[in-house]
Every structure is written in C-alpha cells, then in structure tokens.
Amino acid sequence: MNKSLLVLVFSLLIIACKEKEEDKKWTFEKKIELPEKVRPLALEKTGNDIWFSDPEQFRLLKVDLSGKILDSITGIKRPMNIDFNQGKLYVPEFLTDTIWVFEDGKKSALFLNAEPQAPAGLNAKGDTIAIADFYNHRIILQIKGQVSYIGKEGHNKGELYYPIDVKIKGTKIYVADAYNNRVQVFNIDGKILEVIGEKDGFNVASGIAINMDGLAVTDQENNKVLIYNLNGKLQQTLTDKINYPTDVLFDENSLYITNFKENSIAVYKMR
Amino acid sequence: MKKLLILLFIGFTVTTVNAQADTSQLNGKITIEVDGLACPFCAYGLEKNLKEIDGVENIEINIEKGSVLLTIAERKQISEDLILQKIKDAGFTPGKIKKQSDE
Numbered sequence: 001m002n003k004s005l006l007v008l009v010f011s012l013l014i015i016a017c018k019e020k021e022e023d024k025k026w027t028f029e030k031k032i033e034l035p036e037k038v039r040p041l042a043l044e045k046t047g048n049d050i051w052f053s054d055p056e057q058f059r060l061l062k063v064d065l066s067g068k069i070l071d072s073i074t075g076i077k078r079p080m081n082i083d084f085n086q087g088k089l090y091v092p093e094f095l096t097d098t099i100w101v102f103e104d105g106k107k108s109a110l111f112l113n114a115e116p117q118a119p120a121g122l123n124a125k126g127d128t129i130a131i132a133d134f135y136n137h138r139i140i141l142q143i144k145g146q147v148s149y150i151g152k153e154g155h156n157k158g159e160l161y162y163p164i165d166v167k168i169k170g171t172k173i174y175v176a177d178a179y180n181n182r183v184q185v186f187n188i189d190g191k192i193l194e195v196i197g198e199k200d201g202f203n204v205a206s207g208i209a210i211n212m213d214g215l216a217v218t219d220q221e222n223n224k225v226l227i228y229n230l231n232g233k234l235q236q237t238l239t240d241k242i243n244y245p246t247d248v249l250f251d252e253n254s255l256y257i258t259n260f261k262e263n264s265i266a267v268y269k270m271r
Numbered sequence: 001m002k003k004l005l006i007l008l009f010i011g012f013t014v015t016t017v018n019a020q021a022d023t024s025q026l027n028g029k030i031t032i033e034v035d036g037l038a039c040p041f042c043a044y045g046l047e048k049n050l051k052e053i054d055g056v057e058n059i060e061i062n063i064e065k066g067s068v069l070l071t072i073a074e075r076k077q078i079s080e081d082l083i084l085q086k087i088k089d090a091g092f093t094p095g096k097i098k099k100q101s102d103e
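Quick mapping for you: the protein sequence lines, in order, are chains W and F.
Residue numbering for the first sequence follows the numbering used here, starting at 1 and increasing by one per position.
Residue numbering for the second sequence follows the numbering used here, starting at 1 and increasing by one per position.
Simulated from the structure, these hints should not be mistaken for lab results.
There's no promise every hint is true.
Heads up, simulated SDA-like pairs for lysine to any residue below, C-alpha to C-alpha not over 20 Å straight-line [what the hints assert, rightly or not]:
| no. | chain 1 | residue 1 | chain 2 | residue 2 |
| --- | --- | --- | --- | --- |
| 1 | W | 37 | F | 62 |
| 2 | W | 77 | F | 59 |
| 3 | W | 30 | W | 267 |
According to the in silico footprint, chain W covers these stretches of chain F (three or more CB under 8 Å from chain W) [claimed, not checked]:
| no. | segment |
| --- | --- |
| 4 | 32-41 |
| 5 | 47-57 |
For clarity, every value in this text was computed on a predicted model and none was experimentally measured.
Ideal Cβ positions, reconstructed from N, Cα and C, are used throughout, including at glycine.
Work out the full structure, taking the sequences as your base and the hints as a guide.
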C-alpha cells in the first residue's frame, strides 16, 4: 500500500513539473533603448555586452545591457547579419562582398574560395562557415577551405529566394529563405531535410536563432517573431514591442530582438 | 542615285527617331521613388546595383521615404532607361523620377 502511494505521489510530481515546464512562455521584459539615430539590424552577444550592426550609419556598435555605448567599428559599407565565434567577430559587408573578421582589435578579410554577391548573413562554427549569398540565391558552405553550395534560385522545396540568414546546428544548416517566406533545413551535402513555417503567414523571414529547444524566426514585415520546437512545430508568436524585427538571438533565459525601424532592442524572458 | 537618296532619307529618319527616343539623359541630382524600399536588405541591394552605373557619384537611400537621391558626376550623363533597368534588376518597381531642376 505504502509503495503504491509513493508511486502515485511521484507520478503526480512528474506530471506537475512537466506541465509547469510546458507552461513556460517567452514574455516581454524590457527594451534596451539606443541613441536616437541608431537602426539595429543584427546582433551578437559577447560576454555581458551586445555588438550590433547599424548599416544606416555604416558602423557596428557595442553596448551594455542598459544601452550605453562601449565601443564602435566604423566605415563598414552596410554591415549585415554579424556572427561571433571563438573570439572573432564576423561582419559581412554587403556593398563590397567582403567578410571582415575582427579579433583583438585587428581587422582582416576572410579568405573565401567563392564569390558572394551581397553577403547578408553568416554563421561560423570552428572550421566551417556558412554564408547567405543574397543575390545568388544560395548558401556558400566553406569547410576547411573547401567550398560547396546549397540551393539555387527558385520557389520549390530546396530552392532559395533571397536568403538572408543562416545557422549551423550539428550537421544541419538552417536557412532564412527570406522571400520564399519560410525556413529550410538542409544537411551539409545540400540535401533538403525540412521546411518550416511555410503555412504560418511569413512576410520576409529574415533572421534565425537556434537553441536546445528550437528556433526563433523573425517575420520582418509582420512585426512578429515565431518560436518553433526542433520538430518545426509552432510554439509561440511574439508581437509585444516588436517593430520591424530583422534579427533574433537566444542567450540562456533571454531572447533579444532587433527593432530595425526604431532605436531599440526588445528583450524577452522565459517565464 | 534615286535609290541612294531614298536610303539616305530612311537612314536619317531612323537616326532622328532613335535620337528622340534617347533624349532622357539625366545629370545633376535626381530623386527616384521606388516601391517596396522599406526592407533594408533590398534597399542596400538597390544601392549596390546603382553604384555599378558609370557616372554615379553618390547615392543616398532613404528607407523611411522609399526614395533614392542619386548624384551624377559633373559633365556626365546617364540614360533614364539604364537607371530604370538597374532598379528592375534589383527586383523593384521604379516610380517617379524627379530632376533637382524640377523641384
């Protein structure tokens, strides 16, 4: 009898915990207010601070979580979706087709065995770098100097139309297939594995973030960020204090969203 | 001789018609309204396309207003057709073109 009671109590506890976990949602926390003329397009967290691109002003700015400017990089001809990996800040320069790498205050051009036309976003993981090649409608994948391409111009499954952002997770490549209004998932050989969000009413899917539980995708023209689980099932739609989101970033219990049409970054917390 | 004269006349007429069709040469500063310029990725893409035109000295993209201010270098002229084509190449529908002298 005692044993049965223990099993029952234990089972109830597990169910309660599971429900509590499932009840957790992303909730608006605050806005990081930036100087008036700033238009943040894409962001990366470096320690406790945030680097973001401000292509309108041809620069990148580093701010703390109160929005105080700590550092800047100027003279970049339209910096786009940046990335930070192993102490290096990667900056795609849209107008010159160059990928700049900033490390310990030094600037160098990334050696690329390909010719992007308007690089819009990138993701670096160790020796692998994936680049959203906007005008060529493809992803450039460079692994230890060897280049391969994912996708080609079109609207069918596996084809891309103005890709803006890309993320590598394990052996999968997630692509913000911006003007096809969806996310497409490929393996590193370029084989299409999955299409996400095709029926969710996207109007320009421009930025992607991935964490352990799933992905966040910006719906730029509809002022929304959509949260999916790793199976591509829609979990939540965020709209509060979001104004023309162009990029999104997970950081533990926080979610950061750039409000390109105003001078702010929206911060959500998981509660 | 008569045939030669006719041919010369036809040649002259065709040249005149072509010259009339190509009168839309632009210089100085011009403002172009472009539909759908709100998206920064597309707007900067248009900027990239227009920069490729020989004679373009400066481009100011105004995302808020959906317009482009183009400065053509001194003593240079650019055909309106070429500008319209570049706008189409970048995936946009061109709107009104205003010369600074029109304003």
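Review point. Is the straight-line distance between the alpha-carbon of residue 37(W) and that of residue 62(F) 20 Å or less?
Key: holds (13 Å)
Exercise for review: For the pair we were handed, residue 77(W) and residue 59(F), check the Cα-Cα distance against 20 Å.
Suggested key: OK: residue 77(W) and residue 59(F) at ~12 Å, within 20 Å.
Exercise for review: Report holds or violated for chain W covering the segment 32-41 of chain F, Cβ cut-off 8 Å, minimum 3 residues.
Suggested key: holds (count 4)
**Study point:** Straight-line alpha-carbon gap residue 30(W) to residue 267(W), limit 20 Å
**Key:** holds (5 Å)
Check your understanding: At a Cβ distance under 8 Å, does chain W reach at least three residues of the segment 47-57 of chain F?
Key -> Holds, because 3 residues of the segment 47-57 of chain F bring their Cβ atoms closer than 8 Å to Cβ atoms of chain W.
No hint from the list above goes unmet by this structure.
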